[in-house]
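A.B. asks: Please work from the sequences and hints to get the whole structure.
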Amino acid sequence: MNALYIICGLGIISLLAEIFNFKKALFPIVMVGLVVAIAVAFLDGGNASQAFSNMINFDRVAIVFTMLISITAFSWFWMAKDYFSNNSHLTDRFAIVLFSLVGAIILTSINNMVMLFLGIEILSISMYVLAGSNKKNLFSTEAAFKYFLMGSFATGFLLMGIALIYGATGTFELLKISAFISAHSSDLPSFFYTGVIMVLIGMSFKISAVPFHFWAPDVYDGSPTPVTAFMSTIVKTAAFAALVRLFNGCFAEISSTWLIIFSVIAAITLVLANITAVYQTNVKRMLAYSSVGHAGYLLIAVVSSGNIQGVILYYLFGYSFASLLAFAVITRLEEKNESLTIEKFNGLFSRSPFLTFSMTVALLSLAGIPPLAGFFGKYLLLSLAVGSGHIWLVMIAIATSTIGVYYYFKIILAMYFKKSALSQIDLSQSLKILLVLLLLISIVAGIFPDLFLSLL
Amino acid sequence: MITAFLIFWPLVASLLVFAFHGYAKPIALAASIIELVVSIVAAVNFISDSSIQYSINYAWIQSAGINFHVGIDGISLLLVLLTTFLIPFIILSSFSINYKNPSVFYGLILLMQMALVGVFVSLDGFLFYLFWEMALIPVYFICLIWGGEDRGVITLKFFIYTLSGSLLMLIALVYLYFQTQGQHSFDIQQLYAAGRSLPVREQGILFWAFFIAFAIKMPVFPFHTWQPDTYNVAPVQGTMLLSAIMLKMGIYGVIRWLVPMVPYGVQTWGESAIVLSVVGIVYASCIALVQKDFKRLLAYSSIAHVGLISGGIFTLSKIGMQGAMIQMLSHGLIVFALFYLVDIIVARTKTKVIKQLGGIRSQAPIFTTIFLIVMLGSIALPFTSGFVGEFLLINSLVKYQLGLGVAAGLTTILGAVYMLRAFQKSMLGETGENTSSFMDLTTREKLVLYPIVVLILGIGIYPTPFLKISEAAVNNLLTIVTNYLALVK
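Sequence order for the protein chains is A and B.
According to my numbering, the stretch in the first sequence is residues 23 to 478, in order.
According to my numbering, the stretch in the second sequence is residues -7 to 481, in order.
Simulated from the structure, these hints should not be mistaken for lab results.
Careful: at least some of the hints might be erroneous.
Here are the simulated DSSO-like cross-link-like pairs (lysine-lysine), alpha carbons at most 27 Å apart as the crow flies [claimed, not checked]: (1) B:K92 - A:K454; (2) B:K342 - B:K284; (3) A:K440 - B:K149; (4) A:K158 - A:K168; (5) A:K454 - A:K366; (6) A:K441 - A:K366; (7) B:K149 - A:K441; (8) A:K440 - B:K438; (9) A:K441 - B:K92; (10) A:K366 - B:K438; (11) A:K158 - A:K46; (12) B:K438 - B:K481; (13) A:K440 - B:K92; (14) A:K454 - A:K45; (15) B:K342 - B:K92; (16) A:K441 - B:K438; (17) B:K92 - A:K366; (18) A:K46 - A:K103; (19) A:K441 - B:K17; (20) A:K158 - B:K342; (21) A:K366 - A:K103; (22) B:K17 - B:K438; (23) A:K46 - A:K454.
Residues from chain B that face chain A, not an exhaustive set, calculated with beta carbons under 8 Å [unchecked claim]: (24) V30; (25) Q54; (26) L136; (27) I152; (28) Y167; (29) Y169.
All residues carry an ideal CB built from backbone N, CA and C; glycine is no exception.
C.D. replies: Following this line, the structure appears as structure tokens:
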């Protein structure tokens, strides 16, 4: 709860920085503020607290998700330092990112449909702006516009769904809705179910599951790379936190309505996203499809039973840090206004062994190769699904994992196998430290997952 | 403690190699020799009964019932010894070649050793899987970075092929994990109990899930298509790792995990596995007959030999199992030596096409003698290690079913044909332009080859001590399986 206030405060400080002209100090302030937020969330530990007339519920799951988001945000700011070095609109960028974090944290702790809507909108509107923050680039503008149009459309679905659910149950509160469902399990009006399906569609858009994923590749590709990294890590984490709260919490009793739909969505997401990723030559587009694919894996957990939140949390943790690692390398390799094709990775091994090693670990983790965090996440997920009897989903996931290896390894092949005439790459000290940190997280979390799992 | 040392010392050593990259070669060699010495100490203090010794059981990921449970019994010990014995020679054999980025190269070999030892001592399903997968990464990069032409596509095929098999095994392991009683656990005994409690249909499905994973690694027909190309493009040390040690992971997996875990499934489907193995023997031998390329010839001959080992195991007889154990050792030594010898030929003549060679004997008599001994070992002449193993294995297959035994016996005959022909064409006859200045073995090459040759002959003449190591464990395994099958009937 307090972490939320701190990040809100940081956002306001960023706005004030423009007026009182301490822009230079803003970056350290934000970093320190995020560390404090992480610490506060950690100290909050098991103290569940409600706020705003019970509209948000900071229970243990919300706190751990908040920690995950804050840690990811901390690493993200570090990675995106260059994005904030440009002097124009610097404070705006800080403020927008920090407020989008507020939206993300609200999503982890929703206890009310209104908060769901608010959280999603705070997060999304910030993202629309950030996607277009590279104003001189046509693709960035296109990304923002596309994201905005599609996003508003999905929000419409979400809002309509919320309205229908309100119409049937007479309340916005998740707990009361679920109480209503158990009390009237036999005579729920059909428009209630329609509402649930509409919420499902709205949320599927936010997590970019097939067939609501069409915005993802263009937006990922067009947005500035740090923003892409933000979308594929923090936004995804927050959206899944909310999704789990809604469907595995509030709508758990009517799982027969949405279970099949989500299973089918998971299956087609896995198959389509992974197969499409194979044909991408642009690395950012490939990672976009891979990110869509990972949403498919996560949905398998949503339709399973057992420790769903723990598994999703660990998976997102492994996935986010592997992605950040990959994006940190991509940001370094990227040149101005040029799309990053796989050929740009040619011969990276001879140009910068450390960068190559980082990218290799990131890709191996994304592909789910032991002993990295990505593997243990996938293992937890598959074992959850096997335990719930979803053998057919598991078989699909296995098949798509091998397809995943194929396209991730295309980059590895390029790095080690292809030749390049380009010169050595120098890494700044700060980037080196960040890479070491992210590498350690990916490896240690994979070997000692209990350190992380015991938090929940 | 000694088991933990055997696993983690190579890891520490590989970090040392990365840290002091100027001294990669001496550090790697010294580290692997230390590892060998420690494993010999372990072997000397090993009490040859069926018990598991030097075991460590440490709670690792408690929330998922995963323990760091390792230990060594007779079956493990033989393979650990094979690994620790061959790695120093593999490292030594590379000293004449100046690879780019030597620290990465030797670091990866040592990481590979860690994973291999880990596979052979794991007594926890998850741990086993972890090491099993981890063994794939270093060898993939060794082949990718230092391999020959077209390695990109070929190594990727190899990686995806083996990975998909492994994932199948992972699902089977997870399925078994959920069948364990009480608090779910990956402990080997619990998994055994869970597997044996299943009805025959489930055991059959699990059998295939595990068998395909192991069969890809070995490789058994028809899962072998990745192998010849990969052996061919890999740098010779990579080929040695793959053929001499890594394929034993598959065979070991069958003995340690598959047979005791789902005995009923093994009994039901064992015949199919044997038929596949025997078909593979005949098929690979026939292809080997027409190979023009030395490395490919060896690759196919390896498929034939491994087919025989896998067939022998699935007879579920003592001679079959013991034959498999001794043959794993012998095949490891022989295939290592053969690939090394062929690599020497390639390095000196710049060709691996058998026809372009000839007359090496007149130039390099020591080389030719060594080649002859190793080759005779490969075609299982008496008084070589190959004979002991193949004799036991063919014997077990004949007892299982005469027809299969006879077909499997073709390995020896066809093996003799293609090997002797290759020998004749490359070593004997007129000296060609490629071989006119063929240098005999250097001291370093002798240092690698003499110990191996001594062992090949030693095991052939007096195999008892090596058979003794695994005998008790194999007996114990078979007793359990037989009792179980008698009970089920």
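A.B. asks: For each hint, tell me whether it holds in the structure or not.
C.D. replies: Okay, the hints, checked on the actual structure:
Between B:K92 and A:K454 the alpha-carbon distance is near 24 Å, which keeps this suggested pair within the 27 Å criterion. Our distance criterion of 27 Å between C-alpha atoms is met by B:K342 and B:K284, whose separation comes to about 15 Å. With a C-alpha separation of about 17 Å, the suggested pair A:K440 and B:K149 falls inside the 27 Å cut-off, and the hint holds. Under the criterion of a C-alpha separation no larger than 27 Å, the hint pairing A:K158 with A:K168 is consistent with the structure, at around 17 Å.
A C-alpha spacing of about 20 Å is found between A:K454 and A:K366, which places the hinted pair at or below 27 Å, so the restraint holds. For the hint pairing A:K441 with A:K366, the CA-to-CA distance comes to about 11 Å; that is within 27 Å, so the pair holds. Between B:K149 and A:K441 the alpha-carbon distance is near 21 Å, which keeps this suggested pair within the 27 Å criterion. For the proposed pair A:K440 and B:K438, the alpha carbon gap of about 36 Å is over 27 Å, so the pair is violated.
With a C-alpha separation of about 14 Å, the suggested pairing of A:K441 with B:K92 holds against the 27 Å cut-off. Taking the CA atoms of A:K366 and B:K438, the gap is near 46 Å; set against the 27 Å cutoff, the hint is violated. Taken as a hint, the A:K158 and A:K46 pair is honoured in the structure, with Cα atoms around 24 Å apart against an allowance of 27 Å. Distance restraint check for B:K438 and B:K481: the Cα-Cα separation of roughly 56 Å exceeds the 27 Å cut-off, and the hinted pair is therefore not satisfied.
Taking the CA atoms of A:K440 and B:K92, the gap is near 15 Å; set against the 27 Å cutoff, the hint holds. Distance restraint check for A:K454 and A:K45: the Cα-Cα separation of roughly 25 Å lies within the 27 Å cut-off, and the hinted pair is therefore satisfied. Between B:K342 and B:K92, the direct Cα distance comes to roughly 20 Å. Compliance with the 27 Å bound is thereby established for this hinted pair. With a C-alpha separation of about 37 Å, the suggested pairing of A:K441 with B:K438 is violated against the 27 Å cut-off.
With a C-alpha separation of about 22 Å, the suggested pair B:K92 and A:K366 falls inside the 27 Å cut-off, and the hint holds. Pair hint A:K46 plus A:K103 holds up; C-alpha atoms about 12 Å apart against a cutoff of 27 Å. For the hint pairing A:K441 with B:K17, the CA-to-CA distance comes to about 26 Å; that is within 27 Å, so the pair holds. For a cut-off of 27 Å, the pair hint linking A:K158 to B:K342 is broken: about 57 Å separates their Cα positions.
In summary, the hint linking A:K366 to A:K103 is supported, as the alpha carbons are separated by about 22 Å, within the 27 Å threshold. As the CA atoms of B:K17 and B:K438 are separated by approximately 18 Å, the hinted pair is consistent with the 27 Å bound. Pair hint A:K46 plus A:K454 holds up; C-alpha atoms about 23 Å apart against a cutoff of 27 Å. Because the smallest distance between the Cβ of B:V30 and any Cβ of chain A comes to about 23 Å, over 8 Å, the interface hint for this residue is violated.
For B:Q54, the shortest C-beta to C-beta distance to chain A is roughly 6 Å, which falls under 8 Å, so the interface hint holds. Interface hint at B:L136: satisfied, since its Cβ lies 5 Å from the closest Cβ of chain A, which is below the 8 Å cut-off. Taking 8 Å as the C-beta cut-off, the interface hint given for B:I152 holds, the closest approach to chain A being about 5 Å. Hint on B:Y167 holds. Least Cβ distance to chain A is approximately 6 Å, under the 8 Å limit.
A hinted interface residue such as B:Y169 counts as satisfied when its beta carbon comes closer than 8 Å to some beta carbon of chain A; here the least separation is about 7 Å, so the hint holds.
Checked against the numbered hints listed earlier, the structure breaks hints 8, 10, 12, 16, 20, 24; every other hint is satisfied.
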